[in-house]
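2 protein chains.
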Amino acid sequence: MKSPAVTDSRRDILRTAARLFQERGYEATSMQDIASALNLSKGALYHHFQSKDEILFEIMNHGLDVFDEEVLDVVRQIPDPVERLRACIARHIGMLLRGRDREITVILHENRTLPSRLRKRINARKRSYIHFLEDTIQAVQSRLGTKNEIHPRAAAFALLGMINWVYQWYRPDGSLSEEKLIRDYTTIFFDGLTANQ
Amino acid sequence: MKSPAVTDSRRDILRTAARLFQERGYEATSMQDIASALNLSKGALYHHFQSKDEILFEIMNHGLDVFDEEVLDVVRQIPDPVERLRACIARHIGMLLRGRDREITVILHENRTLPSRLRKRINARKRSYIHFLEDTIQAVQSRLGTKNEIHPRAAAFALLGMINWVYQWYRPDGSLSEEKLIRDYTTIFFDGLTANQ
Numbered sequence: 006m007k008s009p010a011v012t013d014s015r016r017d018i019l020r021t022a023a024r025l026f027q028e029r030g031y032e033a034t035s036m037q038d039i040a041s042a043l044n045l046s047k048g049a050l051y052h053h054f055q056s057k058d059e060i061l062f063e064i065m066n067h068g069l070d071v072f073d074e075e076v077l078d079v080v081r082q083i084p085d086p087v088e089r090l091r092a093c094i095a096r097h098i099g100m101l102l103r104g105r106d107r108e109i110t111v112i113l114h115e116n117r118t119l120p121s122r123l124r125k126r127i128n129a130r131k132r133s134y135i136h137f138l139e140d141t142i143q144a145v146q147s148r149l150g151t152k153n154e155i156h157p158r159a160a161a162f163a164l165l166g167m168i169n170w171v172y173q174w175y176r177p178d179g180s181l182s183e184e185k186l187i188r189d190y191t192t193i194f195f196d197g198l199t200a201n202q
Numbered sequence: 006m007k008s009p010a011v012t013d014s015r016r017d018i019l020r021t022a023a024r025l026f027q028e029r030g031y032e033a034t035s036m037q038d039i040a041s042a043l044n045l046s047k048g049a050l051y052h053h054f055q056s057k058d059e060i061l062f063e064i065m066n067h068g069l070d071v072f073d074e075e076v077l078d079v080v081r082q083i084p085d086p087v088e089r090l091r092a093c094i095a096r097h098i099g100m101l102l103r104g105r106d107r108e109i110t111v112i113l114h115e116n117r118t119l120p121s122r123l124r125k126r127i128n129a130r131k132r133s134y135i136h137f138l139e140d141t142i143q144a145v146q147s148r149l150g151t152k153n154e155i156h157p158r159a160a161a162f163a164l165l166g167m168i169n170w171v172y173q174w175y176r177p178d179g180s181l182s183e184e185k186l187i188r189d190y191t192t193i194f195f196d197g198l199t200a201n202q
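If you read the sequences in order, they're chains A and B. Each residue of the first sequence is one higher than the one before, counting from 6 in the working numbering. Each residue of the second sequence is one higher than the one before, counting from 6 in the working numbering.
By construction, these hints were calculated from the structure, which means they are not laboratory data. Some clues are possibly wrong.
[What the hints assert, rightly or not] The list that follows gives simulated cross-link-like pairs (lysine-lysine, BS3-like), each with its CA atoms no further than 30 Å apart:
id, chain 1, residue 1, chain 2, residue 2
1, A, K57, A, K47
2, A, K131, B, K185
3, B, K57, A, K185
4, B, K185, A, K125
Turn these sequences into a full structure, and let the hints steer you where they fit.
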């Protein structure tokens, strides 16, 4: 079992590495760069992580832990599928815009190269979110008796695409509030652009 | 003026470089790697492009040319905003899935680092597409008299997010046909998941 102190310093390493990967690119960042930014010796860094791949993997894994805690574990408890899906949209966007460890979670939304063994473990966790969305969308469709026969998988990826794109363009200091953004995204997804409400 | 032969060899370089950037990452690919993959001397490669940044810039610029020709220039001619937006969705997805120079256009949909002078030129071209979408969405809203007051900018980015994500998950040999994908995306965007049609 790890002591809290070790856990904290591991998280510091992950945060700093995530920031460097964002700023300089993954390939262009060396273990030496990460150690220097933390005022650590390379040896001390290798004491925590065996390789840069392991750091990237742990960044993604920790990002998925945060996502599970802040989004998935909470919304899974909501029995009504419409409410569940609405809460999921709101919480996922909220996490992207002001969740904890943002420097870490943002990396989840990019395509990064991991060795295949590690990539498979991350992709399996991401897939379970897709399946949750597909199941919830299907439940919404049956509950409301919708007749448009949208493929739940297409809808799940449409929703993920909408949300994952947010951090690339949304400016919290712009004219569109987070609340309005969540409301508009929810309306588009449930009722479409042209629905009269 | 460039001869057609020179233009062809420039495009070969852009295609090969784009493929290498996808496979290995931009930072990890050197000018020497690009020259080797083309059986060119480094000198011959530098005859065409002064730097890797210039190659990435020209890949994006050429990708935007293809996008203009296959999508924007065609749909701009459509006077009815609803038809214009529908055609835009269909053509943009079509380009992503089977457009020419796919190895080049796909890079447009990723966040890549360019020096700020070059990035500004690419971003200005991308912004003109966003503005086109915003204007068209606003025209659709007034024409149909929709009352849900969705912010045209939020809707434009929602649509772009949906579409840009497609190439990351869609498998042409899977159970969802391209035609059905386009139909579902159009329905979700215009009428929402739960609309009864």
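TODO: Check each numbered hint from earlier against the structure, then list the numbers of those it violates in ascending order.
DONE: Violated hint: only 3; rest satisfied.
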